[in-house]
Amino acid sequence: MKTKIFLMLLVAAALCAVQPAHAHHAFAAQYDPTKPLTLNGIVTRMEWANPHGWIYMDTKEPGGKVKHWMNETAAPSQLSRHGLKKADFVDGMTATVKGYQGKADPGLANGRTLVLKGGRSFYIGSVGGPNDGAEPK
Amino acid sequence: MNSVIDPNVDVVWNAVKTDIDHGKQIEHAPANDEEWAAVRHSALTVAEGTNLLMMPGRAVAPPGAGSLSPGIELAPDQIRALIDKSPSGWNQFARALQESLQPALAAIDKKDPQALFEAGDKIDEVCESCHQVFWYPEQGASASPASAPAR
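So the sequence lines, in the order shown, correspond to chains A and B. Take 1 as the starting number for the first sequence in this note's numbering and just add one per residue. Take 1 as the starting number for the second sequence in this note's numbering and just add one per residue.
Quick caveat, the hints were computed from the structure, so don't treat them as lab data. Just so we're clear, the structure is a prediction, and the values are computed from it rather than from any experiment. Backbone N, C-alpha and C define an ideal beta-carbon position, used for all residues, glycine too. Keep in mind that a hint or two might mislead.
To be verified - Covered, in the sense of this in silico footprint (three residues per stretch, anywhere, with C-beta under 8 Å from a C-beta of chain B), are these stretches of chain A:
hint: 1; stretch: 25 to 33
hint: 2; stretch: 47 to 55
As the list claims (entries may be wrong) - Computed list of lysine-lysine pairs in DSS-like fashion (alpha-carbon distance at most 30 Å, straight line):
hint: 3; chain 1: A; residue 1: Lys67; chain 2: B; residue 2: Lys24
hint: 4; chain 1: A; residue 1: Lys86; chain 2: B; residue 2: Lys111
hint: 5; chain 1: A; residue 1: Lys86; chain 2: B; residue 2: Lys17
hint: 6; chain 1: A; residue 1: Lys103; chain 2: A; residue 2: Lys67
Claimed, not checked - From the derived model, a few chain A residues whose C-beta atoms are all more than 10 Å from chain B:
hint: 7; residue: His68
hint: 8; residue: Ala75
hint: 9; residue: His82
hint: 10; residue: Gly83
hint: 11; residue: Phe89
hint: 12; residue: Thr94
hint: 13; residue: Asp105
hint: 14; residue: Val115
hint: 15; residue: Lys117
hint: 16; residue: Gly118
hint: 17; residue: Ser121
hint: 18; residue: Gly128
Model the full assembly from the supplied sequences, consistent with the hints where possible.
Following this line, the structure appears as structure tokens:
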């Protein structure tokens with residue numbers, strides 16, 4: 001029993017270490033609506049999960065240094081509603097994410113629009129973002 | 001909310017997801033009876049936790065707790081005041097949350113990952129709807145950003 005509890009705690013600790021915060025904070029609590037950004041880079045990972053998806057990207061900074069980004073997206077049901085599929089995330093894909101800078105973490109952003117190579121564009125914004133025209137009518 | 005609902009609903013949400021790593025889809029779902037039982041425990045804790053939410057006059061946070069994001073998200077005493085102003089509205093959301101857990105519990109009992117994933121989406125909708133009324137009611141459309149620098 002003690003071993004089982006220890007293992008459960010170990011798993012919980014490991015999950016805490018890699019999971020982004022999932023609490024439903026207000027958009028402005030985590031992201032700066034006055035700091036829009038455009039990220040051009042390689043998508044390395046997509047977490048198709050509730051209550052938010054996460055798109056992980058590598059971009060190149062001036063000087064060539066690689067910067068890792070985590071872009072929060074809407075819930076998968078919303079992404080699907082806007083036409084995005086899990087199969088759209090292929091190995092080595094380049095993409096553009098337009099969104100807003102995170103407040104606490106320089107590698108955190110909230111994605112509003114995802115544009116894939118070839119020009120297919122998807123609204124990926126979560127609830128509560130700025131009224132910036134990204135959301136389809 | 002922070003100690004009972006949130007950590008347990010995270011267990012329900014995290015139970016089923018797809019991790020697409022360099023194009024490879026890795027499906028995550030409870031793999032055995034013990035893991036399904038753990039998710040069921042959390043789902044039931046959230047469902048029963050809604051009864052605590054509906055207790056009249058119950059504190060919404062421990063004494064001394066403040067806003068997690070001052071000026072953006074309300075402090076516990078402000079949330080309490082909103083609840084006292086509209087207890088029926090608050091209870092309606094609490095009941096909606098309780099009801100949103102029922103499909104999740106049914107999916108867990110059937111060991112159906114897809115149904116649990118879809119149930120998680122409905123739970124999310126209820127959470128967000130309530131938060132917009134009682135936690136951060138002032139947070140609507142706010143910014144008209146300038147064009148962003150490319151990186």
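For each hint, the structure was consulted:
1. Three residues within the 8 Å Cβ limit are the bar, and the stretch 25 to 33 of chain A against chain B gives 6, so the coverage statement holds.
2. Only residues whose beta carbon comes within less than 8 Å of a beta carbon in chain B count, and the stretch 47 to 55 of chain A has 5; three or more means the coverage holds.
3. Under the criterion of a C-alpha separation no larger than 30 Å, the hint pairing Lys67/A with Lys24/B is consistent with the structure, at around 22 Å.
4. Restraint check: the Cα-Cα separation between Lys86/A and Lys111/B comes to about 22 Å, which is no more than 30 Å; the hinted pair holds.
5. Among the hinted pairs, Lys86/A with Lys17/B is consistent with the structure: their alpha-carbon atoms are about 11 Å apart, no more than 30 Å.
6. As the CA atoms of Lys103/A and Lys67/A are separated by approximately 17 Å, the hinted pair is consistent with the 30 Å bound.
7. The Cβ of His68/A lies farther than 10 Å from every Cβ of chain B, with a closest approach of about 12 Å, so its non-interface assignment holds.
8. Listed as outside the interface, Ala75/A is inconsistent with that label: its C-beta sits roughly 6 Å from the nearest C-beta of chain B, within the 10 Å cut-off.
9. Listed as outside the interface, His82/A is consistent with that label: its C-beta sits roughly 14 Å from the nearest C-beta of chain B, beyond the 10 Å cut-off.
10. The Cβ of Gly83/A sits about 17 Å from the closest Cβ of chain B, beyond the 10 Å cut-off, so the non-interface label holds.
11. Separation of Phe89/A from chain B is inadequate, the least Cβ-Cβ distance of about 4 Å not exceeding the 10 Å criterion.
12. Listed as outside the interface, Thr94/A is consistent with that label: its C-beta sits roughly 13 Å from the nearest C-beta of chain B, beyond the 10 Å cut-off.
13. A cut-off of 10 Å between C-beta atoms confirms that Asp105/A is not in contact with chain B; the least separation is 15 Å.
14. At roughly 12 Å, the least C-beta separation between Val115/A and chain B is larger than 10 Å, which holds for a residue marked as non-interface.
15. Distance to chain B confirms Lys117/A as a non-interface residue, since its nearest Cβ pair spans about 13 Å, more than 10 Å.
16. Listed as outside the interface, Gly118/A is consistent with that label: its C-beta sits roughly 16 Å from the nearest C-beta of chain B, beyond the 10 Å cut-off.
17. Look at Ser121/A: its CB is around 16 Å from the nearest CB on chain B, clear of 10 Å, so calling it non-interface holds up.
18. Distance check for Gly128/A against chain B: the nearest CB is about 6 Å away, which does not clear 10 Å, and the non-interface claim fails.
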